[in-house]
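Participant: Sequence:
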Amino acid sequence: MFNKSDEIESLIKQLSKLPSLGKRSATRIALHLIQKKQTDLSDLINILQTIKDNVQICSECGNFDTKNPCSICSDTNRNKSTICVVSDVASLWAIERSGVFSGIYHILGGVLSVSEGITADNLRIQPLIERISKGDIKEIILALPSTVDGKITAHYISDKAKNYNIQITEIAQGVPIGGELDYLDDGTIIEAIKHRKDL
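Numbering (this note's numbering), first residue to last: 963 to 1161.
Source of the hints: derived by calculation from the structure; they are not laboratory data. Incorrect hints may have been included.
Okay, derived cross-link-like pairs now, DSSO-like style, lysine-lysine, Cα gap no bigger than 27 Å in a straight line [to be verified]:
no. : residue 1 : residue 2
1   : Lys975    : Lys998
2   : Lys999    : Lys975
3   : Lys975    : Lys1014
The calculated label-pair distances, taken between Cβ atoms and stated as ranges, are [said to hold, decoys possible]:
no. : residue 1 : residue 2 : range
4   : Ser1004   : Thr1109   : 40 to 48 Å
5   : Lys1096   : Ile970    : 50 to 58 Å
6   : Ala1052   : Ser978    : 15 to 23 Å
7   : Asp1005   : Thr1081   : 25 to 33 Å
By construction, the Cβ of each residue, glycine as well, lies at the ideal position given by its N, Cα and C atoms.
Full structure from sequences and hints, please.
Facilitator: Okay, structure coming up:
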């Protein structure tokens, strides 16, 4: 039986920790990187080091960027009176990719989940309420996963925000039950944002 060097095995092990990558896929990627180590590998190392050194979490919305506040929060052309609440950065990027939304965001960092032990204290719900309480927000759009946990989270936030004079909506048609925004096409996201409904 052929044994790879410890270094190659370590590379495969690290790659297989990435989402959607099993050991076979990780092995193929490792082989590619080794074969292209003079070009692709050097570029990858450089960009990973740059990300490690420069990318940070936006203190306002929770997005990833090289500056804080992020480029979305600091953009003077954005509608600062509308916040789109999403579960994660991938959902924010999906909505931005569609080009349908011109407001600002708030990333929760997940959704409430009894089975996984995720409570309101584990999420960025209190910072959202603090942003709302400042009085500049007119509408929050809840763009959370169409799952039981997503719906529970939406109702929890709606209940917390109902004491403020704001409109609370949720994205509408086109998002299948159990759907994650990151996996939807741009057209579906556009329709879901445009046809949002009061919660």
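Participant: Each of the hints needs a verdict: does it hold here or not?
Facilitator: The hints, checked one at a time:
no., hint, result
1, Lys975 - Lys998, "19 Å, holds"
2, Lys999 - Lys975, "18 Å, holds"
3, Lys975 - Lys1014, "20 Å, holds"
4, Ser1004 - Thr1109: 40 to 48 Å, "41 Å, holds"
5, Lys1096 - Ile970: 50 to 58 Å, "53 Å, holds"
6, Ala1052 - Ser978: 15 to 23 Å, "20 Å, holds"
7, Asp1005 - Thr1081: 25 to 33 Å, "42 Å, violated"
Hint 7 from the earlier list is the only one contradicted by this structure; the remaining hints agree with it.
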